[in-house]
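So the chains spell out like this:
Protein chains: 2
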Amino acid sequence: MAKPQKHLFICTQTRPPGHPRGSCGAKGSMAVHQEFMQQFEMRGLWGRFAITGSGCLGPCGNGPSVLVYPEGVMYGGVGKDDVVAIIEEHLLGDKPVERLKVPAEIWG
Amino acid sequence: MAKPQKHLFICTQTRPPGHPRGSCGAKGSMAVHQEFMQQFEMRGLWGRFAITGSGCLGPCGNGPSVLVYPEGVMYGGVGKDDVVAIIEEHLLGDKPVERLKVPAEIWG
Numbered sequence: 035m036a037k038p039q040k041h042l043f044i045c046t047q048t049r050p051p052g053h054p055r056g057s058c059g060a061k062g063s064m065a066v067h068q069e070f071m072q073q074f075e076m077r078g079l080w081g082r083f084a085i086t087g088s089g090c091l092g093p094c095g096n097g098p099s100v101l102v103y104p105e106g107v108m109y110g111g112v113g114k115d116d117v118v119a120i121i122e123e124h125l126l127g128d129k130p131v132e133r134l135k136v137p138a139e140i141w142g
Numbered sequence: 035m036a037k038p039q040k041h042l043f044i045c046t047q048t049r050p051p052g053h054p055r056g057s058c059g060a061k062g063s064m065a066v067h068q069e070f071m072q073q074f075e076m077r078g079l080w081g082r083f084a085i086t087g088s089g090c091l092g093p094c095g096n097g098p099s100v101l102v103y104p105e106g107v108m109y110g111g112v113g114k115d116d117v118v119a120i121i122e123e124h125l126l127g128d129k130p131v132e133r134l135k136v137p138a139e140i141w142g
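Protein chains in written order, with our numbering: chain P, 35 to 142; chain F, 35 to 142.
Treat each hint with caution, since some may be false.
Unchecked claim - Straight-line distance between alpha carbons at most 25 angstroms, and here's what the computed DSS-like set of lysine-lysine pairs gives:
1) F:129 x F:40
2) P:40 x P:135
3) P:37 x P:61
4) P:114 x P:135
5) F:129 x F:114
6) P:40 x F:135
7) F:129 x P:40
8) F:114 x P:61
9) P:61 x P:135
10) F:40 x P:40
11) F:37 x F:61
12) F:61 x F:114
13) F:135 x P:129
14) F:37 x P:37
15) P:129 x P:37
16) F:114 x F:40
17) P:40 x F:37
18) F:61 x F:135
19) P:37 x F:61
20) P:114 x P:61
21) P:135 x F:40
22) P:129 x P:40
23) P:61 x F:61
24) P:40 x P:114
25) F:40 x P:129
26) F:135 x F:40
27) F:40 x P:37
28) F:37 x F:129
29) F:37 x P:135
30) F:114 x P:40
It is worth saying that the hints were derived from the structure and are not from the lab.
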C-alpha cells in the first residue's frame, strides 16, 4: 500500500477474563475494528488512510484504544458508535475528536 | 505509557507456509520484535520510545516490515542484525537508515 495520510492502529490485544489489566479485546475492540473496515469500504477510503490491528498500546484501563498517526492522537473507550465521528471529524476534517481523547496524564 | 517520541510497529502477522503473500512472521519478525525489546531493556529506552507488534502493514513481499511514526518511515527485510542500526541511527540519531527503507514506489 502507499504511505497513508493518516494511519489508525486499533488495539486488538486479548487477555483472559478476570485479568487485572483487562484488555481492549475483552471490551469490544474487534467490533470497532470491523466497523472501521466497513466504513472504509463503503466510503472508499482505502489507499488514502490505513487501518492496522495492533498489540497493546498501553492505556488498557481506558480501552478500547485507537491511535492515529502521524499526529499521535490516542482515543480511549472507543465504541462502534464513535467510528463515524473519528472518520468524519478527524480523518476527513483533520480535527481530532476531543471528547474521545485519553487524558493528557496518560498520553500527553 | 506516555506519548513516545517515536513509535515502532513491528509486523507479526503470520500466514500458513506456502501462502502466496508470505508473511513477516514466517520471515522471522518475532525474533526482530524480541531483539528490539531486549535492546530497549538494556539501553533503558522504554518511556522515550515505544514498540508495538502489529497486524499486516502492507508490503508483505518486502517483510519483515518495521514502521516508525511520526515520520512514517517503512523498513523492509529487517533482520535481528539491523535492530541496533535502527535504534542508534534513527531513534537516537534521528536519521532514518536509508539502506533499509522500502522502495518509494511501495511506500512513498
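These are the hints, each one checked on the structure:
Restraint check for residue 129 of chain F and residue 40 of chain F: the C-alpha separation of about 12 angstroms stays at or below 25 angstroms, so the hint holds. Distance restraint check for residue 40 of chain P and residue 135 of chain P: the Cα-Cα separation of roughly 17 angstroms lies within the 25 angstroms cut-off, and the hinted pair is therefore satisfied. A C-alpha spacing of about 30 angstroms is found between residue 37 of chain P and residue 61 of chain P, which places the hinted pair above 25 angstroms, so the restraint is violated. As the CA atoms of residue 114 of chain P and residue 135 of chain P are separated by approximately 16 angstroms, the hinted pair is consistent with the 25 angstroms bound.
Of the pairs offered as hints, the one joining residue 129 of chain F and residue 114 of chain F holds, with about 19 angstroms between alpha carbons and a cut-off of 25 angstroms not exceeded. Using a Cα cut-off of 25 angstroms, the hinted pair residue 40 of chain P and residue 135 of chain F holds, with the two alpha carbons roughly 19 angstroms apart. Between residue 129 of chain F and residue 40 of chain P, the direct Cα distance comes to roughly 22 angstroms. Compliance with the 25 angstroms bound is thereby established for this hinted pair. For the hint linking residue 114 of chain F to residue 61 of chain P, the alpha-carbon distance of about 34 angstroms lies beyond 25 angstroms, and the restraint is violated.
Taking the CA atoms of residue 61 of chain P and residue 135 of chain P, the gap is near 17 angstroms; set against the 25 angstroms cutoff, the hint holds. Restraint check for residue 40 of chain F and residue 40 of chain P: satisfied, since their Cα atoms lie roughly 16 angstroms apart, inside the 25 angstroms limit. Note on residue 37 of chain F and residue 61 of chain F: the hinted pairing is violated, with a Cα-Cα distance of about 30 angstroms set against a maximum of 25 angstroms. At roughly 11 angstroms between alpha-carbon atoms, residue 61 of chain F and residue 114 of chain F fall within 25 angstroms of each other, so this suggested pair holds.
Between residue 135 of chain F and residue 129 of chain P the CA atoms are separated by roughly 30 angstroms; this puts the pair beyond 25 angstroms, and the hint is violated. The straight-line distance between the Cα atoms of residue 37 of chain F and residue 37 of chain P is roughly 22 angstroms, inside the 25 angstroms bound, and the hint therefore holds. With a CA separation close to 20 angstroms, the supplied pair residue 129 of chain P and residue 37 of chain P stays within the 25 angstroms bound. At most 25 angstroms may separate the alpha-carbon atoms for a hinted pair to count; residue 114 of chain F and residue 40 of chain F meet this at roughly 19 angstroms.
As the CA atoms of residue 40 of chain P and residue 37 of chain F are separated by approximately 17 angstroms, the hinted pair is consistent with the 25 angstroms bound. Our distance criterion of 25 angstroms between C-alpha atoms is met by residue 61 of chain F and residue 135 of chain F, whose separation comes to about 17 angstroms. Between residue 37 of chain P and residue 61 of chain F, the direct Cα distance comes to roughly 22 angstroms. Compliance with the 25 angstroms bound is thereby established for this hinted pair. Among the hinted pairs, residue 114 of chain P with residue 61 of chain P is consistent with the structure: their alpha-carbon atoms are about 11 angstroms apart, no more than 25 angstroms.
For the proposed pair residue 135 of chain P and residue 40 of chain F, the alpha carbon gap of about 19 angstroms is at most 25 angstroms, so the pair holds. Straight-line distance between C-alpha atoms of residue 129 of chain P and residue 40 of chain P comes to about 12 angstroms, which keeps the hinted pair within the 25 angstroms bound. With a CA separation close to 32 angstroms, the supplied pair residue 61 of chain P and residue 61 of chain F exceeds the 25 angstroms bound. For the suggested pair residue 40 of chain P and residue 114 of chain P, the alpha carbons sit about 19 angstroms apart, so the restraint of at most 25 angstroms is met.
Restraint check for residue 40 of chain F and residue 129 of chain P: the C-alpha separation of about 22 angstroms stays at or below 25 angstroms, so the hint holds. For the suggested pair residue 135 of chain F and residue 40 of chain F, the alpha carbons sit about 17 angstroms apart, so the restraint of at most 25 angstroms is met. Proximity of residue 40 of chain F to residue 37 of chain P is assessed by CA-CA distance (about 17 angstroms); at most 25 angstroms being required, the pair is judged to hold. At most 25 angstroms may separate the alpha-carbon atoms for a hinted pair to count; residue 37 of chain F and residue 129 of chain F meet this at roughly 20 angstroms.
Annotation: proposed proximity of residue 37 of chain F to residue 135 of chain P holds, straight-line Cα distance about 12 angstroms (limit 25 angstroms). For the hint pairing residue 114 of chain F with residue 40 of chain P, the CA-to-CA distance comes to about 28 angstroms; that exceeds 25 angstroms, so the pair is violated.
Hint check: violations occur at hints 3, 8, 11, 13, 23 and 30; the rest are consistent with the structure.
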